[in-house]
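K.L.:
Sequence:
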Amino acid sequence: MTTTPALYRVPAPALAGAAAPASTPPPAAAQVLRRCRDLVAPALSEAIGTLHPWVAEMARYALGHCEVGGVPADHNQGKGVRQALAVLGAETVSGPAGAGVPAAVAVELVHVFSLLHDDIMDGDALRRGRPAVWKAYGTGPAVLAGDALFALAVETMAVTPRAGSAVGQLTTALGDLVRGQADDLLFADRPWTGPDAVGAGEYEVMAEGKTGALLGCALALGARLAGAPDRTVAVLDRAGRHLGVAFQIADDVLGIWGDPSVTGKPVHSDLRQGKKTFPVLAALGGAGYGELDELLAVADSLDESGVRRATALVERAGGRAAAVRAARRRLAAADTLLAGLPLAQEPAVELSTLLSALADRTI
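Each residue of the sequence shown is one higher than the one before, starting from 3 at the first, in my numbering.
Calculated from the structure, these hints are not laboratory results.
Mixed in with the good hints, there may be bad ones.
Claimed, not checked - List time: in silico SDA-like cross-link candidates among lysine to any residue, alpha-carbon distance up to 25 Å:
hint, residue 1, residue 2
1, Lys81, Gly308
2, Lys81, Pro163
3, Lys277, Glu296
4, Lys81, Val326
5, Lys81, Gly100
6, Lys277, Gly80
7, Lys277, Ala236
8, Lys137, Glu296
9, Lys81, Val70
10, Lys81, Ala99
11, Lys137, His77
12, Lys137, Val70
13, Lys81, Ala350
14, Lys137, Ala99
15, Lys81, Pro349
16, Lys81, Lys137
Keep in mind that this is a model prediction, so the values were computed, not measured.
Starting from the given sequences, assemble the full structure and let the hints guide the process.
P.N.:
Encoded structure:
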């Protein structure tokens, strides 16, 4: 009998129960993230500094480095997970020091670009407790800033020694990200039940593009710049994609049952918006979904009592439990892929530490 490796067992507080009480990474994961951020920060700052000053200010605001107007600040606007994956992707294949830094800069720029546009598309006014860029600067400027970051990411890869394959790796991920985002938007207009309803399998394809593509690209791009063989690059990309689906499912769970002080967004916001999230889609396949379907049909006008009722129905119908199973399945698949690679021991341990924290959603 096969069991999920301990590294990827999703603990009750994070996925199967109340929101995790911890709001900061465990020390080991925090150290890995800090080391990678410190390594990447000068190059990331230098790249952003090449942009138009106004656009550069919006980018720094999005990263939490300044207020509107450019006054320096130090807000926590993300842990730098993708840039850490790029650094570790290079180090696990025994690449030279700093080989993954350009990849880390590129994936971080793409990540920020995607968040700027995602907030506009979803109408989210807050990003980690602060006004989103489009609310702080306006929709047009936020779109422009996102476009500039997208272009800068490609330019960053175009000047590396492995420019051709690096740009190809990045643009493939970008294409998958756009396809995933397009599916996510189109899901909003599809019914909750019936022959045209969104299935759990479709959701996972969407999540692999929207979230998994960039996580896979981060690992793979770092390894590619470090000179890893194509097979190793491909396996790392696949492992990151599995991780991304699990991460997105966990994010959906936290969007319903999470603590806003930890997640940075209002609890139940996805339910209120009628978003097609994994726990809800899974619940609609269970018993007693009729009442849930009726509530979701008027999601944007649900009062607090209605939202609580919908939350209880999703859990009673097995939506949360199904999410836990799906996340564990994807995380186990990532673990199996990584276990089959000849990775350098010390950075591989750091990578395992980081992935464990991602699985536990403690970072």
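K.L.:
Against this structure, judge whether each hint is valid.
P.N.:
Against the structure, the hints:
{"no.": "1", "hint": "Lys81 <-> Gly308", "in the structure": "violated (34 Å)"}
{"no.": "2", "hint": "Lys81 <-> Pro163", "in the structure": "violated (28 Å)"}
{"no.": "3", "hint": "Lys277 <-> Glu296", "in the structure": "holds (15 Å)"}
{"no.": "4", "hint": "Lys81 <-> Val326", "in the structure": "holds (24 Å)"}
{"no.": "5", "hint": "Lys81 <-> Gly100", "in the structure": "holds (19 Å)"}
{"no.": "6", "hint": "Lys277 <-> Gly80", "in the structure": "holds (23 Å)"}
{"no.": "7", "hint": "Lys277 <-> Ala236", "in the structure": "violated (32 Å)"}
{"no.": "8", "hint": "Lys137 <-> Glu296", "in the structure": "violated (33 Å)"}
{"no.": "9", "hint": "Lys81 <-> Val70", "in the structure": "holds (21 Å)"}
{"no.": "10", "hint": "Lys81 <-> Ala99", "in the structure": "holds (22 Å)"}
{"no.": "11", "hint": "Lys137 <-> His77", "in the structure": "holds (17 Å)"}
{"no.": "12", "hint": "Lys137 <-> Val70", "in the structure": "holds (11 Å)"}
{"no.": "13", "hint": "Lys81 <-> Ala350", "in the structure": "holds (19 Å)"}
{"no.": "14", "hint": "Lys137 <-> Ala99", "in the structure": "violated (40 Å)"}
{"no.": "15", "hint": "Lys81 <-> Pro349", "in the structure": "holds (18 Å)"}
{"no.": "16", "hint": "Lys81 <-> Lys137", "in the structure": "holds (22 Å)"}
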